[in-house]
Amino acid sequence: MSLIFKISARNILRHKGKSLIIGIIIFLGSLLMTLGSAVVTGMEKGLHDNIVERFTGDYVIMSTNQKSEAVVAGGGIDPTESLPEYTNIDKVLKTQTYIDSYIPVCRGVTMVLNDKGDMGYTALLGVDIDRYEKMFHNNIVAVEGKLLSDGMKGCLVTKGGQSTMYNQMDVWLTPEGAPFIESNLIPDAKSNRASLNIQSNVVFMGMNSSGDQMDIRTPVIGIIKYKKLDNFWGGGGGGNGGGYSILDLESFRECFAYNNAENTVTNLTGEKKKIFGSDDNLDSLFGGGSVVKEVETGNTVYKIGSLKRTEVKTVSNANLDAGVYNLIFVKIKPGSSSDAGLVRLNTVLSNSGLGVKAVTWKKAAGTIGDLASIMKIVLYVFVGILFFVAVIIITNTLSMAALERTTEIGMMRAVGADKNFVSGMFLAETVILSGIFGGFGIISGGIIAWIFTGIKISGGTNNALEVLFGGDVLNPILNGYDIIGCIILLLLVTIIAYLYPNIVARNITPLEAIARD
Amino acid sequence: MNIIELNGVKKDYPLGNTTVHAVRGVDLCVKEGDFFSIVGPSGSGKTTLLNIIGCIDNATEGSIKIHGEEITNMADKQLTDIRLYKIGFIFQTFNLIPVLDVQENVEFPLLLMKKFSKGEIAKKTEKFINEVGLREYVKHRPAELSGGQRQRVAIARALVTNPDIVLADEPTANLDSETGATILELMQELNRIEKTTFIFSTHDPDVLKYAKDVVKIKDGQIISRENLNH
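Quick mapping for you: the protein sequence lines, in order, are chains A and B. With the working numbering, the residue at position 354 of the first sequence is 354, and numbering never jumps. With the working numbering, the residue at position 118 of the second sequence is 118, and numbering never jumps.
Quick caveat, the hints were computed from the structure, so don't treat them as lab data. Heads up, some of the hints might be wrong.
As the list claims (entries may be wrong) - Straight-line Cα separation of at most 16 Å, EDC-like style, residue types lysine to aspartate or glutamate; simulated pairs: (1) A/67 / A/49; (2) B/77 / A/78; (3) A/6 / B/104; (4) A/357 / A/90; (5) B/114 / A/418; (6) A/419 / B/81; (7) A/6 / B/81; (8) B/86 / A/170; (9) A/419 / B/76.
Extracted from the complex, chain A is given alone in its bound form:
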């Protein structure tokens, strides 16, 4: 064995040019593979941490009637199906030992209106803010005003939503009772500062999956940012207008014409639907005083002036869980198997006949959830092409080397070397080249990944970069699996590149040593 390695190593040195060409290709391939794997793993971990831990949990439970499972990011403006009887689902979830925590939420996309008739749209989450913040590590921070407190009604508009609404409706939203922060104005708003239409409340018009629609005027309590992935969740990068603004649960349900807790658990009557559906309801929201209009519902005449804007008030003693929800975000306990848990959860949900199903966060997050996998595929395709070219070049170079060394190999065969010795010699050459240059490439890739982690390259306000980084900064992570993957790929390249030259070399007969004399 040492003889084979000695001859192979010296042959590599003897043919420095060829060895260097092969080595550089292997080095670059290994480096890119290692660095790319580290970036993708970092992105995957970042997305997982920032989405699972801070936005959706591991699973999202939704109605079985929900057409698109990508309800969080890719749901578009299609209404999200409401969950049947959350309290029953809650009972089932409480029995699942692998579940760490969960939170029911309302989710939908609403029209945003101003008094001139301009409109925009935004995604809304209706949440119990205290519970949400507790489950998702206080991911929401107020940049103006404050967060909703327990039972308070109102909305938290994202910073991205604030800009989007200004662009769409020429309205600059600022929280009620909060000091106006000049420096938060976007450049366009600054240039129109004198005529800026500043408002502290906003009109949302929601529509549920049954086609019922309702509009409410609600105060802006705060302008918020998401600590992680704000460009995506709060900046409009996810195709949801200005990202996910937050609305208190009761207002959300009112806006989407759902049963709310205050209306108790009874169904919204046809009468109320008729009242809420009245055209004059919308107009009344923009009026200064009380607009009174009689609406005939069949049994009673209602005066809808009472529906005028929702005031900031707290909801007391209301069992919020009695109202309608759209989704449940579920976190599993650390160390639990995500796949096994999902199967168990869906089995128990299905057996309970609740009409709900659980999907992974990746499915619920749509494109962003698939991004890590897509990036991994792109990386592997890119590196695959690189290695394919490397295999061709290495194969060609080694085959040429075999032919050039016909006399030498033939002579070795003549003096007693068998075919396996010749194969071993070529394998050793390929292994040495791959080992040295590939190993150096993997180490260099690891060092570069480590440097990138140290210098914390920021994605700035670029949505794509934030998603690509899996967070605010590039944070490549090189784990053992990645290194093993790189080594396996390198071995694969080595073996493939070696196959043909080996056949060429093995077929050299001792006679050829003499024939070429």
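Keeping the supplied structure of chain A fixed, place chain B upon it in accordance with the hints.
What follows is chain B alone, placed relative to chain A:
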């Protein structure tokens, strides 16, 4: 005792649309310890005959026995073993491994055998390097040696395994006459000391004076055999 026996050996090979009859029914016996020369002009078939005897090439027809063992139907692995254990080769163009130094080239077949210890290999290698007079050149690579020195290395390599037969295909063809004579004298000396059978081919009449037995070959056939008994 005959170490080599050839009966009716023929070798044909295609050349374009024709068939070249390189060896046409050769019968030949070589005794153990002989210093045997095959003489003939270029293209007479002497190299082909040596290759067949050395298990490097296959005969188209006929029987070849080495130490009484028929080799014509042997598999590649068996032929390789015969080349390694029973035959030593000296080529016209030396054919040393360029990346190995003198010592490593000589010990190469011993390492292939995988049956000697490091000490035994070193001892045997040293002995034959000394016998061919290259003690001072053990760490030189082939490119740093003259033609004569390279051929000495080839001789040491051929003999280091203590083979039954050494086949030398025109060993002096690429050497000047003085060096060629030295090489042949060395081979003769080793034949005497080691009792190894030497078969060498040549087309140089001056070389004949070193041989004990001479076979003249022409157009693939033996035309005469002469025992010179120097």
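ask   = Looking back at the numbered hints, which does the structure fail to meet, lowest number first?
value = Hints 1, 2, 7 and 8 are the ones this structure does not satisfy, whereas the remaining hints hold.
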